[in-house]
Amino acid sequence: MKNLNWRGNALKFCNVAGLPILEPFVRLIAGEDVKEQFKGIVKFVVLPVVAVAVFIGLWSLAARTVVSDSVKLPNPTETWNAGTELFAMHAKDRAKDRAKKREKTFEAVSLIAEAKRSEQLASTASGKEKETLLANASTLKQRAVQAANYKPSSAPTFVDQIVTSLKTVFVGFAIATLIAVPVGVLCGMNPWFNAALNPFIQVFKPVSPLAWLPLAGLVIVWAYADANPDDTLVPKSFLVSAITVSLCSLWPTLVNTTLGVASVDKDYMNVAAVLKLSWWQTLFKIILPASLPLMFAGLRISLGVGWMVLIAADMLSQNPGLGKFVWDEFQGNGTLAYARIAFSILIIGGIGLVLDRIMICLRNLVSFGNPAAA
Amino acid sequence: MSVAVLDRTDAAAIQLGVPKATSPEPLISLSNVCKGYGSGVTRNEVLTNINLNLRSGEFLAIVGFSGSGKTTLMKLLAGLEVADSGQVTMENEVITGPSQERGMVFQNYSLLPWLTVRGNISLSVDRVFRHWTKSERRDHVEKFIEMVGLGFAAHRRPHELSGGMRQRVSLARTLAMKPKVLLLDEPLSALDALTRSTLQEEILKIWEEERQTCLMITNDVDEAILVADRIVPLNPGPRASLGPAFTVKLERPRNKTELNHNPTFKALRNAVTNYLVSVRQKSRDEEAMASEAPPIILPDLKPKDLALPRGPYRSP
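In order, the protein sequence lines correspond to chains V and Y.
In terms of our numbering, the first sequence opens at residue 29 and continues consecutively.
In terms of our numbering, the second sequence opens at residue 7 and continues consecutively.
Isolated chain Y, as found in the complex (with noise of 0.2 Å):
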């Protein structure tokens, strides 16, 4: 595997290379872990020999692009997918379902149409702690919407809010389930840019007053960088496998705006884009390598001379 040209202004920063052996014991791991679709001639291997440990308390992103398996995987670690082969587990107990432990706030919001903001949150909670009285339970879904700030708004149904308040409200409703992963799966890519980036803020926010653990997948290296601990690349699919991992070390809390000018920030920023480009480009040469279309061969032919022709044009 070609491995990108780091800019190695400061090594220190950048760590490239296998995950610490000396960390503990990881939350959630995946071990050699298959997953594709289809049987027969129209089988598609998506994601191969996918190994991967999420500590606890960390956040980590996972960063690739469009259609490299990132969902898949993120249905993987939810349970709503079975791995074909290899294993995922959680605590060391191998995944075979949706759990409520495991939060996930989906790209597309799914919020329940007919549900105000209360009702889509209050859905989980009344269903998540059942043994809770009325009000208690009342209570812990005020404070999520709260917390959201979206106070203003409880009343209203997901069609009266804007993108960003719907993925507010999908945070909130995830959030509030008190899981002990929150799984991110692309959650601002469908928000325009100046949205986007007053909601990274606030789910960093967030998480640095939870310290829960986290995993969250993006296209966007800047957004990866921001929040993560770990960035770990996908590299393209079919027969996606991850990279090795860039460990982020910027001081938190992280600003945005200085981060911009910050050497380390850009040093990795750099070091992640170029990797993931020339992993991309790597695939498009073996799949142009792969295909067994003959190369179309056009006919050699020069004319014998450019001149434009002279008079009215005569048929031969």
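With the rest of the complex left out, here is chain V (with noise of 0.2 Å):
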């Protein structure tokens, strides 16, 4: 019973995070017919794997055929040095930057040690002496607390742009998820504000994150008009690029909210009628838990297409994320340009996959036995 137990938590978990690739071992390890499971395998591990190989196949031939003059395709070993390359620098920066702070630190404390000497000093000392080594030993604690405050400020290494562009999807789509959730409860509520917002979603919707970036940059422009640049809490670029992502995956999130909130259940709004419950009740009790699943599959796709939006609004708005350094490094030109270029792509796509695959998974938790396919 225990051993079963163990075998349905296994399989429900697959379920739910979306690997279907997990599935065959668990069941192998629970003791099911090998034969099948074999297949379960050869479907989800071997075909892939295989399929990957051939691509790795084309590309090395493609890499031979597209050549120039002066550059050619990077080939798929090409791909991989410049990546490890990059992931290499990029511990060499840390190391460095590490060993910098360390030295400051270094410097920090014995600068405070002598600021402390020179005190002593002036305790026993008398007249313009005593003045002169306290002004000593201020000066030399403001020395120490510049240098313990030291931050490295070595370029950007591929690394800390793969943080950027998450930081700056992440904002941009909290932006559009906190205002398109509420909006769109508002207009599954009520056909009439539906109506009346109905035009702009439909004329908004498809407008391209490229047409939006002048116009979200002139309201950045004018919020920080009147600051100071060293003072503001983020830079310019990251504001223009996070408010494009949000103009940009706003809309799914808003259109599924709107369509789950409007189709929950008949029935479910009768046990909330006989009940008697209130309208913020209903709203939480009923409405919100029955939307759930809708909402999560539109804010699926939204952080799909802000990831992808992402990229464009980097290279233009010159946020130092992955579109920046793609963008960077078209301008290097170059056999080595080009292999991290298509380095970056994989990366992106990587990335995309991962951010796909916990929507969902939340998607999943929160829509009782109608799992999504994966």
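Hint data in this document are derived by calculation from the structure and do not stem from the laboratory.
Because the structure is a prediction, the values reported are computed rather than measured.
Not one of these hints is a red herring.
Think about it this way: if two alpha-carbon atoms lie no more than 27 Å apart in a straight line, the pair counts; the simulated BS3-like pairs of lysine-lysine are:
id: 1; chain 1: V; residue 1: 294; chain 2: Y; residue 2: 184
id: 2; chain 1: Y; residue 1: 255; chain 2: Y; residue 2: 272
id: 3; chain 1: V; residue 1: 304; chain 2: Y; residue 2: 186
Partial chain Y-side listing against chain V, Cβ under 7 Å, derived:
id: 4; residue: 86
id: 5; residue: 104
id: 6; residue: 116
id: 7; residue: 133
id: 8; residue: 163
id: 9; residue: 165
Only some residues are given here: those of chain Y computed to face chain V with a beta carbon under 7 Å:
id: 10; residue: 110
id: 11; residue: 112
id: 12; residue: 119
id: 13; residue: 120
id: 14; residue: 130
Just so you know, even glycine gets a beta-carbon here, dropped at the ideal spot from N, CA and C.
Both chains are given apart, each in its own frame, so use the hints to dock them into the complex.
The following block contains the structure:
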């Protein structure tokens, strides 16, 4: 019985997490029919591996063909090497930064010690001498604080750019969600409100991010008009990118939330009516839980769109993310630059895949008994 | 109206006709209720001239064919729909909206899929008995989970339950509200025959413990006879109205297997079924008469010779 439970939970996990690849292995360990499970392994493991191998072969072939005088398509090995080099560079830069930081911290400690010594001398001295010693101590302290607060300012590495991109997309996605979900709920609950907003949704939904970008930039420039560029919390380019992302990833969530709320099962509403739930109770106990699966389906599309848009937005707004990386490499030319671009394409795809999986998992967690196909 | 031919082997057990005038004050009464949907040309009258008295403590069953307006009638009683004309009253007050005093069990369970069995039942208990303490409410919920025999599955969500178990949860949820009237809208029609008969007996057992006023809509005559004190047939729609009531004078507690050999049961079943079949035939005839489409006239052709042609086919 306990064994069966273990198996059931593991299978449920595969289902909810959207990982059918693990299912045959779980069943094998649980002692199910080997032949049947082997079929599953062939389908979910062997076949994809073969497909990837075929793809790499075709890619190498293409790399040998697409060659001009100055540039050539990078082959898989070059791409891989460029990628490992990027990560090695990151590690090297970080190590350098850490060494510098340690040096600065050490400097700060020794400066403080010197300041202390001065102060001690000052306590025994008197008159003019005391004053000079105290002044000396305070300047030493200031220098110590400066040294302690030292921040390495080397150029962002590839990994830094990935992190910036992720931050940007999450900020944009969060803004979009905060707007889209409440508006969608209102649209779904009130057909009149929906009719009023519908023209805007229909018109703005298909607009490309690149068209939005100048206007987003304009708004940010206006908002930052009086601010000193050094004290702003986040850089301008970051905000322009994030807002472009949110303007584009707003719509799928909005439309799906509206649909989800509007199509709540009539029977659930009857239950609410018989129990005489108040408006807020109906909203939080019936309508929102019932529309969560569709809402999360919308959020999943939104995050996908956001990630796609981000690369273009980064390129144009010069936000130091993956988009800018691709753009800078493109300006650089040369085979190495193209290999780096090819590598960053794989990274962008991989991150997009992970984000999508996370959203599928979240969606499955809120849709009881009705998990989506992965 | 054509009245079904009754097989009056035990006339005393079957009373056909108007409800007794001497009956006590009805708990719920419908007088001249009409209900339809749409307007203008698309207007569709579903129920016309519905008169019904539901007495306190009785189990009334309404039997009818599917599509005859049973669910609309139930929604009127629950207060989820308002009558176009006529009045639905409960304890002499007009019903204007849903109330916790009329607990409804829906045909398709209507359990909230994101809540467990316990959660579904607590939702209504917490709402109806707001003034109780937390532990009182919790004990109340547990009592009703035990009552329908789902103690082992209290932590499961609806999609992990079978149809019969789901309907038990739905029943427990409604019973836990302690309504004055229990409205059962075809509660068992989505279940398989075996589960259905188990649940019929359970509903009957629970009802015999509490003797709650109960109105059940069903399309199964046997089920109606098994559980009800009175059976009212619903004539087929559109413009459905109620037929004459049949009183079920069978001893309680009733046992399904024993009933099958009971002559009263058999006579009553025949009477109700015959009545329903005859009103449906009548309504179909009327519909055919009323339809404006001209009858299709087939050409009056006769072959001269039925013998197969001989020899190879030659074109004329």
